[in-house]
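These protein sequence lines are chains A and B, in that order. Okay, so the first sequence: first residue is 1 according to this note's numbering, each after it adds one. Okay, so the second sequence: first residue is 468 according to this note's numbering, each after it adds one.
Note that these hints are calculated values from the structure, not bench results.
If the Cβ cut is set under 7 Å, some of the chain B residues that face chain A in the computed set are:
#	residue
1	P517
2	G530
3	P538
4	M553
5	V557
6	I560
7	V564
8	E567
9	N761
10	I771
11	T803
Beta carbons: idealized from backbone N, C-alpha and C, even for Gly.
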Amino acid sequence: MDDLTPLLARIQFAVTIGFHYIYPPLSIGLGIFLVIVEGLYLKTREPLWRQVARYWTKVFALTFAIGVATGLVMEFEFGTNWATYSRFVGDVFGSALAAEGIFAFFLESGFLALLLFGWDKVGPKMHYLATIMVCLGAHFSAVWIVVANSWMHTPAGHHIVQGPNGMRAEITDFWALVFNPSSMDRLSHVLVGAWLAGAFLVLSISAWYLLKRKHEVFARASLKVGLIFAVVAALLQLVTGHASANGVAKNQPAKFAAMEGHYSAKAAADLTVAGWVDEEQHTVKGLVIPGGTSFLLHQDFTTPVTGLDAISTDERPPVQITFQAYHAMIGIGMSLIGLSLLALFLWWRGRLESSRWMLWVLVFAVFGPQLANQLGWMAAEIGRQPWIVQGLMRTRDAVSPNVDSGQIMFSLLLFTTVYLGLFAAFIYLLNDKIQHGPDPEDAHGPLMKLPHKITEALGGHRADGEG
Amino acid sequence: MDLNSIWFVLVAVLLAGYAILDGFDLGVGILHLFIRGDTERRLAMNAIGPVWDGNEVWLVTGGGALFAAFPEVYASAFSGFYTALMLLLVTLIFRAVAIEFRSKRPSPRWRQGWDIAFAAGSLGAALLMGVAFGNIAAGVPMDASHNITGGLLGLLNPYALLVGVTTVVLFAMHGAIYLVLKTEGDLQARVHSWVRPLIVWFVILYALTTMATLLWQPHLAERMRAQPAWFLVPVATMLAVANVPREIFHGREFRAFLSSSAAIGLLVALIGVGLYPNLLLASNAPANSLTIVNAASSSKTLGIMLIIAIIGVPLVLAYTAGIYWVFRGKVKLEKTSY
Numbered sequence: 001m002d003d004l005t006p007l008l009a010r011i012q013f014a015v016t017i018g019f020h021y022i023y024p025p026l027s028i029g030l031g032i033f034l035v036i037v038e039g040l041y042l043k044t045r046e047p048l049w050r051q052v053a054r055y056w057t058k059v060f061a062l063t064f065a066i067g068v069a070t071g072l073v074m075e076f077e078f079g080t081n082w083a084t085y086s087r088f089v090g091d092v093f094g095s096a097l098a099a100e101g102i103f104a105f106f107l108e109s110g111f112l113a114l115l116l117f118g119w120d121k122v123g124p125k126m127h128y129l130a131t132i133m134v135c136l137g138a139h140f141s142a143v144w145i146v147v148a149n150s151w152m153h154t155p156a157g158h159h160i161v162q163g164p165n166g167m168r169a170e171i172t173d174f175w176a177l178v179f180n181p182s183s184m185d186r187l188s189h190v191l192v193g194a195w196l197a198g199a200f201l202v203l204s205i206s207a208w209y210l211l212k213r214k215h216e217v218f219a220r221a222s223l224k225v226g227l228i229f230a231v232v233a234a235l236l237q238l239v240t241g242h243a244s245a246n247g248v249a250k251n252q253p254a255k256f257a258a259m260e261g262h263y264s265a266k267a268a269a270d271l272t273v274a275g276w277v278d279e280e281q282h283t284v285k286g287l288v289i290p291g292g293t294s295f296l297l298h299q300d301f302t303t304p305v306t307g308l309d310a311i312s313t314d315e316r317p318p319v320q321i322t323f324q325a326y327h328a329m330i331g332i333g334m335s336l337i338g339l340s341l342l343a344l345f346l347w348w349r350g351r352l353e354s355s356r357w358m359l360w361v362l363v364f365a366v367f368g369p370q371l372a373n374q375l376g377w378m379a380a381e382i383g384r385q386p387w388i389v390q391g392l393m394r395t396r397d398a399v400s401p402n403v404d405s406g407q408i409m410f411s412l413l414l415f416t417t418v419y420l421g422l423f424a425a426f427i428y429l430l431n432d433k434i435q436h437g438p439d440p441e442d443a444h445g446p447l448m449k450l451p452h453k454i455t456e457a458l459g460g461h462r463a464d465g466e467g
Numbered sequence: 468m469d470l471n472s473i474w475f476v477l478v479a480v481l482l483a484g485y486a487i488l489d490g491f492d493l494g495v496g497i498l499h500l501f502i503r504g505d506t507e508r509r510l511a512m513n514a515i516g517p518v519w520d521g522n523e524v525w526l527v528t529g530g531g532a533l534f535a536a537f538p539e540v541y542a543s544a545f546s547g548f549y550t551a552l553m554l555l556l557v558t559l560i561f562r563a564v565a566i567e568f569r570s571k572r573p574s575p576r577w578r579q580g581w582d583i584a585f586a587a588g589s590l591g592a593a594l595l596m597g598v599a600f601g602n603i604a605a606g607v608p609m610d611a612s613h614n615i616t617g618g619l620l621g622l623l624n625p626y627a628l629l630v631g632v633t634t635v636v637l638f639a640m641h642g643a644i645y646l647v648l649k650t651e652g653d654l655q656a657r658v659h660s661w662v663r664p665l666i667v668w669f670v671i672l673y674a675l676t677t678m679a680t681l682l683w684q685p686h687l688a689e690r691m692r693a694q695p696a697w698f699l700v701p702v703a704t705m706l707a708v709a710n711v712p713r714e715i716f717h718g719r720e721f722r723a724f725l726s727s728s729a730a731i732g733l734l735v736a737l738i739g740v741g742l743y744p745n746l747l748l749a750s751n752a753p754a755n756s757l758t759i760v761n762a763a764s765s766s767k768t769l770g771i772m773l774i775i776a777i778i779g780v781p782l783v784l785a786y787t788a789g790i791y792w793v794f795r796g797k798v799k800l801e802k803t804s805y
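Can you make the complete structure from the sequences, with help from the hints?
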């Protein structure tokens, strides 16, 4: 360990988790979408829905593979970069990670095989069960990892005792750990953010097909479901976001003050729509609604909110970056609500397809949820600094004592290179998939599929007749 | 048996499960470039297509279980093996995405590139895991705070490298048997012709590793000296290994596969018996070793984790068995295949 180790360990971890976090939200969001469209296929037996389900399954497979590959890295990086942290929290934090493996990943990967390769191997209902299980597995995995992460923000259900090699956190109440004060607020916020990522990917690709006048029947069907899903998720995100912010204000006042750029120890807090924090003068310049934050928290413009001045200087997070990440996330979130409602209105009036500008906006809106998800995590994690576990352990004390900055630099360069290559390959293949379009055969019943299927079907039929 | 020992066994079971299951798909990867022809390579890849992902989850869950049950080992081993572990993770990333990406484009160059990534990733992963396993068996230098002190080069000692090469050949043999089981016709005949030389090579390397272990790692045999009943484990290992060529000779590939699976499981058990109650031996000062006592989480947590395992493991085994059942029989290329 040397002076640079804590910073490099953070950057290396941020790069690997940030890249990883592009993919699982897509799996979670597309998972819900697949459950809806395959459900529609089972209900209506309309081949179009089968085509929709099969096309998006292929996109799902692509995101899932990279999610798995990059997620494997995360399972080990607590130990590599944060050995002291791992020793301190393993008793508590490790349990949630192990539960994730056994309850989520096995479910997901097992049924994924049926989802991807089982279309003709099992019946439609069994296949639908597999789709639901994969979607459930993706959600379970979010549950356990967010529970583990939330414990770092609002530790509960533990006590600090002398372990075999020093002080450490040990579980006293497993359910208090699982339902720690922030876990449910944060889980709902993360999940709905993931739904938005999935919904807007569907909207983006469907809108592009409509613009290019290709696969229009398919694109209309996808767009319709994607749009309703996006509207529901965008509005829900307002609710979960509000609950999360209230929770942060209550449980992590330092983080909340940094997110809002609120310094004064005992004054009402303003609401900044967009602005710049003057960290010297302890003020925010920009579009400010006086007392707005106090109102959102307490339904009263004058109630005082704990400010950064009330917090000892060595326990304050970096203010500017926390503030900006948080406000950019909110700005994007609000835009997504407006955008999805407007698109829904146009669709309802039958004018969406003729509003080419709107379709173009939807094509590029796919970046919105992705950015908001990344920025939200930045605000959450940077806002917790200087703590790695709020109030219990500082980040700079958490690094591996026997790892030097050279090793971390090596892995940082290694993963940056590999991930850039992976990202390029992902975009290339996604583009290829988009250019290729949905498979026309998928819209037909099994009889039209492949020659040997016809023989099988005829053979089966004849056998029935003879019997 | 106390909770700490139960968790020692459970971690070993997860490791053995991983080695048996991912072992054959790593083995298929190691052999990949020796398979000629695009259709043949696709057949080989699709033979593991529906299951490789689930097989890898055993590693993820093993990592999580180690973190939860023995956080000191999780922290010491992964920070101490930092660079080696990062390289291992990259090899696993390459082979995972190669399987998914290869068939997405028809271009021969695209496919050749991912073929190399798949084979090199599989070979590198098997080798690095074997080297890591060799170091765990032999012990590593650790200070009093359980920090590993040797660097990357310290891990590349002759004994660990020997275990690494043995692991590569073992997985290649295991993968070849799996392919014989899953393929037919010319491809099967070709892979079939590799099984026997691979068995021979494995037996030679296994004998060498055993001799090296007895000469330079005598601590692994101490428990057997003290309690000779444990000698049944190496005997059973030998029988399982010897049974592989016998079953192949009689054309019973599935039983051959079960035998090589048993051999892998028993090899993990053999090291487990030798190490217990240590998890990570300090080769420089035995007092610095991490054991099931000083590396473990609290009894309360081990108890909670045991409940989680009792609920979770039967579910996992049920859907693992279900998937293997659905995808049983010879592999055929279909529209949804890789």
